[in-house]
Amino acid sequence: MIRLDALSVDFDERFQLLDIDWTIRPGEHWLITGANGSGKSALAAVLAGDGDVLSGSIEGVPERVALVSYERQAELIAAERRKDDADILDVISEGTPVAEIIEGGCEDLDLARSLIDTLGLRPLMSRAFRKLSTGETRKVMLIRALTSRPDLLVLDEPFDGLDHDSLVWLQGHLRKLAETTPMVIVLNRFDECPDFVTHVAFVDDGRLPLCVERADEQAYAELYQFLHLKTSDLEIPAADPAAQLPALDPDAPLVQLTGATVRYTDNTVFEGLDWTIEPNQSWQLSGPNGSGKTCLLQLITGDHPQCYVNGINVFGYQRGTGESIWEIKQFIGYVSTALQWEYTVSTGLRNVIISGFHDSIGLYTKSTDTEKAIADEWLALLGMSDRADEPFNRLSFGDQRLVLIARAMVKHPPLLILDEPCLGLDDMNRQLVLALVERICLGSETSVLYVNHREQDRVTGIDNHLTLRDNIVA
Amino acid sequence: MANYFNTLPLRAQLAELGKCRFMHLDEFSDGVEALRGKKMVVIGCGAQGLNQGLNLRDSGLDVSYALRDEAIAQQRQSWKNATENGFTVGTYEELLTTADVVLNLTPDKQHTNVVETIMPMMKHGACLSYSHGFNIVEEGMQIRDDITVIMVAPKCPGSEVRAEYVRGFGVPTLIAVHEDNDPNGEGLALAKAYAVGTGGHKAGVLMSSFIAEVKSDLMGEQTILCGMLQTGSLLCFDKMVDEGIDPAYASKLIQYGWETTTEALKYGGVTNMMDRLSNPAKIRAFELSEELKDILRDLYNKHQDDIMTGAFSSGMMADWVDDDAKLLGWRADTAETAFEKTAAGDMEIAEQEYFDNGILVVAMVKAGVELAFETMTAAGIIAESAYYESLHETPLIANTIARKKLYEMNATISDTAEYGCYLYTHACVPLLADFMTSITSDVIGKGLDVTDNGVDNARLIEVNEAIRSHPVEAIGSVLRGHMANMKRIV
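Keeping their order, the protein sequence lines are chains L and S.
So the number in the working numbering is just where the residue sits in the first sequence, counting from 1, plus 675.
So the number in the working numbering is just where the residue sits in the second sequence, counting from 1, plus 480.
If we strip away everything but chain L, and leave its shape as in the complex, we get (with noise of 0.2 Å):
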């Protein structure tokens, strides 16, 4: 059994992983995975024996570790430069040829002889190691790893840069080798986990917040379509352009409250509230339950009555002029749990999108081409791409808030509304949403209005913060 107890490893000080805390034991096979630069490869490194050890400990970590990684690679060939600096004799020197960096360490030539020819390296044996092409490195580097008979094998992307034939072949010959040799992968690509894995290390900023079990069907479900948000390079989709929407003023504000009131006849929410969201404004709306924040958002969507007794204008409408809901609701878009408990229809994913277009719930009109393109965009951002008809009402419910999300955001409504967008979710999906929300205030013009009263909630890139508490502004 492997231990990592508290360990905090520093590389050259460069990078540190902090205070991680895993095992590994006998029979698992583990993937370690995570975003570009989150610490994936020093997790597998630490393995090898790589790095400064800070505080902490590594136990049980066998002897014979071989780890194939670009950055052992890159050591290797900077260390046959080396070699060829370091010659005093004035003749030209081919390096060390392929054939002998693969027999030092060999235990198993016949291994090594039939992986030379699989990989179709036979023509190179007799080639200087360091004029192989990266994908040729890489076969060599693999061929060492896998015939030294590790007790350990951790693999940094070894599906890398292998052309179509050897990654299969490779991927065979590892599911063999899972039989008798615990590994450890690393992928970023988490849709390449071989079969084999058991267990998924999620490497996030130097640390180690979650290890998920394979089994744990929904976790790893969960796990797949956050890194799917965190690591996919898909842009956010554009907007119709069929579907302009009215030009705003670019100097007014969207939204402007005066003196705004919510009144029933035995008790006040909230007095002689001014409020202005100007344009590329994002805002954090906060305060306890009850302090009417939900009362003061439905104020600017006009689902409260009592819009039409206030001093309201949104977006250019002084509202009780004659204007109709959906002239308002066209620049907003709009996620709760409340309307999560409304959208109880069994309308597919897609159509769900869609609707966001028309503000409605459900889908009551044809919709164009277009419209079902920029849907399927979603989804795939979304990590959803297989799931476009399935019926909504069967997702699970973090899925149902981020294809709400998607749904509010499809038009690129000047005004992004999210009232508690993570209330009821466990942590993953809690997770799922913040990143969401985060690549949307990062790729849009849209003015966020998020409305939450957990601290640790916070989104990057809000910097105005209004509460809410006993009917008093703050």
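Here are a few chain L residues that face chain S, going by a calculated C-beta distance under 7 Å: (1) Y939; (2) Q981; (3) Y983; (4) G997; (5) E998; (6) I1000.
Counterexamples of contact, computed for chain L against chain S with all Cβ distances above 10 Å: (7) E688; (8) I733; (9) R757; (10) G779; (11) A853; (12) C886; (13) E888; (14) A890; (15) D1051; (16) E1065; (17) R1144.
Bear in mind the hints are in silico, worked out from the structure with no lab data behind them.
Glycine is no exception: its CB is placed at the ideal position from the N, C-alpha and C atoms.
Following the hints, put chain S in place on chain L, whose structure we already have.
What follows is chain S alone, placed relative to chain L:
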């Protein structure tokens, strides 16, 4: 006041009963323009009054509420409803004298009183709108000649009218112009704009007449819609308990069974509902429904006859005078029934199980829908109207039972419908006593006890043919086709 329908010659009666046309969406391209800037004043702030007002205001129209002086002074519920929703509230005197359109959304029994009070206050050339034609047709209310009289009747409870609008859709709506009161020829334009304002045009609008609306609406709600569902609920529940089935299961099977089986009806008519059954169960349900139709045909005819002659309405109006003594007594009796008092269990019942174990439920729906349709069309009501007032509305009423059993259904429907529902139930339960003794749990509660689903080919063909060739299926497939073009894509 005399019954208006009875004052007309037969020729005119038939012409009015035969009015019903499904309107095309492009007939509503003027939107709410005919009402823009006009002062609309609602009388009655109950479910229809409040929710229609909310929709109209959200469509950009000017809506306020006229309440009686006492309601304002005592800050009654109607005053709270209107005020908390940010509407202007005023007395009749304050608001009606300047109103362009007055929306009378009070309960039927208050119509005469309300209309007599407000008519002298209304300005010359204004419009009076109803959501139900009872007052005009059954009570023969005469409206001042200069006033335009229209009807806009959303075919759903008020809460649904609002909920569908908020979703960006609407509910099917019936509109009509009272021909005797259309002095400026603007009745249709106003009714159309009103239907747009409530979102009804998105779900489909029927152009009908006051008479067709009243006579078909009364018939539908008394028989298949409320009466049959109430009767069936009581009989099926008691039978299951007699047969030793867990009452909690029986309660759940009935409470949600109507909704689940009629959902299939909504999508594909009686044919589709019957197709959800296995072949042997379908044949059994067909036979049960034929038996039910034979037993109940006279009862349906009697209800239709009493509606046509005005006997029903005069009976109910007598109860109004008696402070609703009968209605309130019957309502209390319903609350005491075993079905109503037994809570639904928390066991899982799969969607298909409601069909498999509810063969009699399906048979009752089929018999009720077909009989109501047959009776209405035989009485001169056009097939379109008969379809909407029978098959189309059954799932809507079934939804209310799913929510909170018969209490919810009777609380949601109008007092007029509730009164008719009890009349039907009191006649129907004894009529079916013998029939029910022949029923066992294989058709209600447990499902058919068969080892395989084999049936005789010739018999199956015969049964399928009979189901599919019923006239309610022919008009249904045409109208559902229209609706599908407008309706949600699901």
